[in-house]
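Visitor: These protein sequence lines are chains A and B, in that order. Letter by letter, the first sequence follows residues 1 to 101 in our numbering. Letter by letter, the second sequence follows residues 1 to 680 in our numbering.
Don't read these hints as lab results, they were simulated from the structure. A hint or two may mislead.
[What the hints assert, rightly or not] The list that follows gives simulated cross-link-like pairs (lysine to any residue, SDA-like), each with its CA atoms no further than 25 Å apart:
1) A:Lys89 / B:Gly434
2) A:Lys89 / B:Ala662
3) A:Lys89 / B:Thr655
4) A:Lys89 / B:Gly656
[What the hints assert, rightly or not] Just some of the chain A residues that point at chain B, by a computed CB distance under 10 Å:
5) Val23
6) Val28
7) Leu32
C-beta: ideal position from N, C-alpha, C; glycine also.
Residues per chain are reported as follows:
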Amino acid sequence: MLLNQFLVLGAALFAFGVYGLLVRRNVVLILLSVELMLNAVNINLIAFESYLVSAQAVGQVFAIFVITVAAAEVGIGLAIVLMIFRNRKSANVDDLSLMRW
Amino acid sequence: MVGMRALVIAAEEGGHGAVEAGTGGFWADTAGIMLVLPFVAFLLILAFGKRLKYKGGELAVGALAINLLWATVLFVLNMTGGVLDQTTFEIARIGSDLVFELGWVVDGLSIMMYFLVNFVGLLVFIYALGYMEGDVRVDWFFAAFSLFAGAMLVLVGAPNLIQMIIGWEGVGLASYFLIGFYWEDLDNVRAGNKAFMTNKVADVGLILGTILVGVAIGSFDFSELSIAAAEHAEALGAVAVAGGLLLFFGAMGKSAQFPLHIWLPDAMAGPTPVSALMHAATMVTAGIYLMARVFPLFQNLAQDTRGLMVVIGAITLFAIGLLALVADDIKKVLAYSTVSQLGYMMTAVAAGGYTAGLFHLFTHAFFKALLFLGAGAVIHAVHSNNMSDMGGLRKEMPTTYWTFVVGSLALAGIIPLAGFWSKDEILATLGHEGYTAVMWIAIAGAFVTAFYMARAVALTFHGTYKGEGHPHEAPRVMTAPLVGLAIPSIFVGILNIPGVDWPGIGNFTEWLGVRVVPMGDYHPEGIDWSLAAIGLVAAGAGLALGWLIFSRDRATQKARDRFEVPALYPLLRQKYFIDHAALGVVGATTGPIARFIDWTNTYIIDGIINLVGGVVKALGEFVYGTIDQRAVDGVFNGLSAVTDGAGSAVRRLQTGRVQQYAAGFVAGALILVVVFVLIV
Numbered sequence: 001m002l003l004n005q006f007l008v009l010g011a012a013l014f015a016f017g018v019y020g021l022l023v024r025r026n027v028v029l030i031l032l033s034v035e036l037m038l039n040a041v042n043i044n045l046i047a048f049e050s051y052l053v054s055a056q057a058v059g060q061v062f063a064i065f066v067i068t069v070a071a072a073e074v075g076i077g078l079a080i081v082l083m084i085f086r087n088r089k090s091a092n093v094d095d096l097s098l099m100r101w
Numbered sequence: 001m002v003g004m005r006a007l008v009i010a011a012e013e014g015g016h017g018a019v020e021a022g023t024g025g026f027w028a029d030t031a032g033i034m035l036v037l038p039f040v041a042f043l044l045i046l047a048f049g050k051r052l053k054y055k056g057g058e059l060a061v062g063a064l065a066i067n068l069l070w071a072t073v074l075f076v077l078n079m080t081g082g083v084l085d086q087t088t089f090e091i092a093r094i095g096s097d098l099v100f101e102l103g104w105v106v107d108g109l110s111i112m113m114y115f116l117v118n119f120v121g122l123l124v125f126i127y128a129l130g131y132m133e134g135d136v137r138v139d140w141f142f143a144a145f146s147l148f149a150g151a152m153l154v155l156v157g158a159p160n161l162i163q164m165i166i167g168w169e170g171v172g173l174a175s176y177f178l179i180g181f182y183w184e185d186l187d188n189v190r191a192g193n194k195a196f197m198t199n200k201v202a203d204v205g206l207i208l209g210t211i212l213v214g215v216a217i218g219s220f221d222f223s224e225l226s227i228a229a230a231e232h233a234e235a236l237g238a239v240a241v242a243g244g245l246l247l248f249f250g251a252m253g254k255s256a257q258f259p260l261h262i263w264l265p266d267a268m269a270g271p272t273p274v275s276a277l278m279h280a281a282t283m284v285t286a287g288i289y290l291m292a293r294v295f296p297l298f299q300n301l302a303q304d305t306r307g308l309m310v311v312i313g314a315i316t317l318f319a320i321g322l323l324a325l326v327a328d329d330i331k332k333v334l335a336y337s338t339v340s341q342l343g344y345m346m347t348a349v350a351a352g353g354y355t356a357g358l359f360h361l362f363t364h365a366f367f368k369a370l371l372f373l374g375a376g377a378v379i380h381a382v383h384s385n386n387m388s389d390m391g392g393l394r395k396e397m398p399t400t401y402w403t404f405v406v407g408s409l410a411l412a413g414i415i416p417l418a419g420f421w422s423k424d425e426i427l428a429t430l431g432h433e434g435y436t437a438v439m440w441i442a443i444a445g446a447f448v449t450a451f452y453m454a455r456a457v458a459l460t461f462h463g464t465y466k467g468e469g470h471p472h473e474a475p476r477v478m479t480a481p482l483v484g485l486a487i488p489s490i491f492v493g494i495l496n497i498p499g500v501d502w503p504g505i506g507n508f509t510e511w512l513g514v515r516v517v518p519m520g521d522y523h524p525e526g527i528d529w530s531l532a533a534i535g536l537v538a539a540g541a542g543l544a545l546g547w548l549i550f551s552r553d554r555a556t557q558k559a560r561d562r563f564e565v566p567a568l569y570p571l572l573r574q575k576y577f578i579d580h581a582a583l584g585v586v587g588a589t590t591g592p593i594a595r596f597i598d599w600t601n602t603y604i605i606d607g608i609i610n611l612v613g614g615v616v617k618a619l620g621e622f623v624y625g626t627i628d629q630r631a632v633d634g635v636f637n638g639l640s641a642v643t644d645g646a647g648s649a650v651r652r653l654q655t656g657r658v659q660q661y662a663a664g665f666v667a668g669a670l671i672l673v674v675v676f677v678l679i680v
């Protein structure tokens, strides 16, 4: 079975996502990084599903859930980014440290 | 009805006798409507209040008017035959036997409170229509006020401790909203916070007590608790003292007992109708109500807690009453007075006077609400809370003046007004139960009460006007409730004259006695006239002394002073004239003796009066300045400083940089992964 290859792909994708999340300054790119991490999880789910083959296709169902949640999250996230950009003329997270003590 | 054991009540001998559970018929079965209507009004006002003519005031008044119909019918039914019923709905179940239910109790105690809350509440709401007209956020005012009424009725209708806590927190929340109603001023917000937090400290006691007692008997139901206490159940006996003390601690917060009274004077920051209904007539009596609900616990099992409770009540009634002597803000005078009267009620209930304490609660609600509404009418007219800006208002505001005087005399305990009978019963109970020293403190408290009320009346309504503008009488919508409260302030005392049974209806003691188990409290067989006379003399002396000192306000009224003091002079001379006519020496000795009497009057009698007044005032200032302001407030300020410091230290973590948070998150996840890998 091609399990290890998929897991390596998933781990790599997840690591890219974490990297992007932590070092990117543009909010849109940070959101993209989050999407990468979610999809890394999806790959893991599908890989294990096809390896173990559960009766109710649990892995696939969860993958669908993750996709749905990701879509909802990116919808809200982009709306927020849009409002911030309109108000502050910037999408740089370093400029957005207003919520502090 | 549901889940109630068949029970028999033994009221006082010759009274209603046994009342079967489940009586009351339609009105008792539907009494729950009273608990719901104010909440409906609350939601409707929030939704539509702004568009209505009176900003939702009409909805609030309408809800309480319907409620009052139910409350009055139940009150009359209970007078004539006794009503005992309980309707509950199961909401949740913990394990197999701890049940959480909501519902309503209809018995002597709750009917009295239903009537009181709805009657005083309706009058105060009507008054508020005039008082709040043109003010800010009137719709929110009436919404929060309706929320309070609903929560208060949930509290008094509670068949179990859990529902009581729900109502208890509800009234606390409404109190917080309304104390901080004028939140543009930071002081008012602080007053609201102070009230809320002080009550929270006490609520810990209430909740722990509820858990302790509820788990011990396997039920939170008041009737189960009463029965267990009456039967001296062992499981309850083991936790009775601790549970009783914890519940008492909860009651101390809501009912402003020393040293948790500090929030009540500050709570006067709210609009005056709020002070009248919540912080005088009803909400602050919730603690007394709780003590009365669980009275069998204290009467049968937790007698050891009595001494402490009586002492705290006695300190409250006397020491805090003294503070009213030095306050200039008329609402603060009334607030300290309220604390003092709550001390009377607590002392009475703690000493075993179930009826005495609750009867004082009943009469006090009428005349203290009346006094607050009168003070509100004055404040409305002169635009100041300070009595130093008032004076001489009796001509401009006759209705307010006369109703205020009625309220003051009722509070001072002058026969035959309401306060006399209830206060006398408390004194009789204290004497009978052997708390003689506390009884004398209570009598001294009666003196102080009369003294500060005489002062308040004199400074507000007599002398010359010292404020600005031209005050005028309040509109009819405000004076009508004053009259509506003045009438019961005069007459309700006769409902419970010791030894008197009114034909067909009995008396207040019997109505209150309609509970699942006999209360077994002390109720005097007849009036103890010597005790009544002592109380009356103390009150009369207080009134006279207060009047003598404060009816002549020194600086602005020298001319009037000169007229007032010699006003006694002709009277004295008249008496002397008769003596000397008999002796046949008219004329020759008139002058010298008159001058001697005048000299005696001016230097010796006035000197004694001023000395006593000065000592009392200094004592009051000492209690206020040192004990209240430094020691008691210091503890609470210290607590808040610690909380504040901890908050300042921790808030630095909030850098506002999202990616720092994300980095922390990833690091935490990595640590968990490492731990997971190492362990598994």
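Visitor: Give a verdict on every hint.
Guide: Quick rundown of the hints versus the structure:
Restraint check for A:Lys89 and B:Gly434: the C-alpha separation of about 80 Å exceeds 25 Å, so the hint is violated. Between A:Lys89 and B:Ala662 the alpha-carbon distance is near 24 Å, which keeps this suggested pair within the 25 Å criterion. Proximity of A:Lys89 to B:Thr655 is assessed by CA-CA distance (about 22 Å); at most 25 Å being required, the pair is judged to hold. The suggested pairing of A:Lys89 with B:Gly656 holds, with an alpha-carbon distance near 19 Å, which does not exceed 25 Å.
The interface hint given for A:Val23 holds, since its Cβ lies 8 Å from the closest Cβ of chain B, which is under the 10 Å cut-off. With a cut of 10 Å, the hint placing A:Val28 at the interface with chain B is violated, because the nearest CB-to-CB distance is about 14 Å. Because the closest C-beta pair between A:Leu32 and chain B is about 14 Å apart, greater than 10 Å, the hint is violated.
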